[in-house]
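Read top to bottom, the protein sequences are chains L and G.
Residue numbering for the first sequence follows the numbering used here, starting at 514 and increasing by one per position.
Residue numbering for the second sequence follows the numbering used here, starting at 35 and increasing by one per position.
Because the hints were derived from the structure by calculation, they are not lab data.
Ranges of calculated distance between the beta carbons of each label pair, as one might list FRET restraints:
1. G/Thr95 with L/Asp744: 22 to 30 Å
2. G/Ala67 with L/Ser858: 35 to 43 Å
3. L/Ala826 with G/Asn80: 49 to 57 Å
4. G/Glu64 with L/Gly825: 53 to 61 Å
5. G/Asn80 with L/Asp760: 33 to 41 Å
6. G/Gly69 with L/Gln762: 28 to 36 Å
7. G/Asp68 with L/Glu808: 41 to 49 Å
Using N, Cα and C, we set each Cβ at its ideal position, and we do this for glycine too.
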Amino acid sequence: MEWVKTTAKTIPEAIDLALDNLGVDEAEAEIEIIEEPKSALFGLRTKGVARVKARVKPKPIRPKQTGDRKNGRRRGPNNRNGGGSGGGKRTSNNRNQRSTSGGSGQNDRNQGRKKGGRNGGESGNDTRRENNRSKKTTAAAAGTAAVAAGAASSVDKGGAKNDGGGRRGRGRNRNGGDRNDTGRGNGKSKATRSAASNDTTPEKETPVEEVATHLKGFLRGLTDAFGLEGDVSIDDSEPNALIASVDGQHGLMVGPKGRTLDAIQELARISSQRTAPSSIRIKVDVGGYRAKRNEALAGFAQRAADKAVDNGAEVALEPMTPADRKVVHDALTDDNRVETRSVGSEPRRKVLVVPVATDAADEAE
Amino acid sequence: MSDSPAPTAEAVLLHLCKSVVSCPDDVSIETSADGDRVRLDVTVNNDDMGRVIGRRGRVATAIRTVVGAAAAKDGVTTEVEFVE
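Based on the provided sequences and hints, a complete structural model is requested.
What follows is the structure, given as C-alpha cells:
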C-alpha cells in the first residue's frame, strides 16, 4: 500500500491532498514529486498537472538517514533518490535484481507505472521495487493483479499480526529498506510486496470491496454506538475512492464546522487502513453535509475573490483543512481575476486570494 | 452498561478503540464520574498503545473529538485517557 498518489493543479495542492489522504503531518511524510505542472515556478496559472506521491515516512533506520530525508522532503525528493541515503545498499541491490529479472522489471514498470512515466529520479526507486517484486509476482504485471492483490491482502492479514503495525514498523522499515532490501527474501515480505504491487496497478476490485465492507462495518458500528439510526451507503463511482454516507441528519456526528465528521473520517481511514491496507481514498459524509458545505465554501471563495478584486488587495481566508483548501482552490481556478495559494503550516495553513492586477503580478511567488 | 454515566460516549469509545487496535479483545474502559465530568480510562494491549495514540496524538485527538460529541448526547463532558 505505502504510497498514495495525488494529482492537483499545483505541487503544494497535490502534497496537501496526499497528506490529507495519509492523515499525517507533513513532517511525518515522505513526498516525491512525480510530475510538475509546466512553469510551476510561477504560481498556479499553469498547464498540465502536478502529481506527487507520498507515504508515511519510514522509521529511520539510522539517525543519519533522518537528516537526509528531512532535506529531501519538500523541495527535492529526487535528491534522495538520486544518490542520498543508502545509495550503496541500493546499488548492490539493484544489481542483484537486474541480473535476475531485468526483462520483467521493464515490463512491470510499463504496466504498473503508467502514471509515473515522467518521473525522472523516482523511477529508479520504483524500478527497483518493481524488479524486486516481479520475481515473485510477475503475475501482477500480466493483469491478474486483482487476484494477486486479494491473496496478498489475506496473507497480510493472517500473516502479519497487525497491518498497521506491520506497515508502520516492519513494512515501512522494509520500505525504508527499499534502499535496504535485505529483508525482501523472507517469506513474509512477499505479502507486502504484492500489496505494493496492487498499489501501483490499475485494477483493485478485491481490495475496494474489502475496504468498502470494512468501512461500512465501522460506520454502522459507530452509528449504533451513537444510538442513532441511519443506513450506511458506499459510493464507489469515483476511481480509487470510496465515499461512505450515513443517512439522516445527525448533527451530532458532524459537529461544529464538521470537526466531528472529520475526526470520524480520519478514524475510518485509519481503521480501514489497518484492516485492509490499500491506497483507496476514503471520505465519510453524514446527511449530505459535505456536499452542502463544499457548495457553500465555493460560494464563500467566490465572494472572497470579489472582495480581493474590489479592494485590490489579497484576502486571507481562515485556516482550513487540506480538503477545504482544495475546494477553494478549485472554485477559483477558472477565475482569471485572482490567484490562490496556501500559506502557513498545518494546522493553520490558509488560502490567500490574490488579485491579479497586471501581468507582472506574480513576482511574489 | 446502563448504569454508566455516559453510555453513548462509552460505546463510541469502545467501538473506536477496537477499530484501530490489533487486539480488540484487550480493550477495556473504566469510567468514573464527577458530576458532569466523566473520566474514561482506556486500557489497551501494550502493543496497541501507539495505535490508539497515533503519530503526534492524531488518533487520540480524533477519538476524543468523536467521543466528546457522543458525550453531548449523554449530557456530560468527557475526559479520555489512555492508560498504560
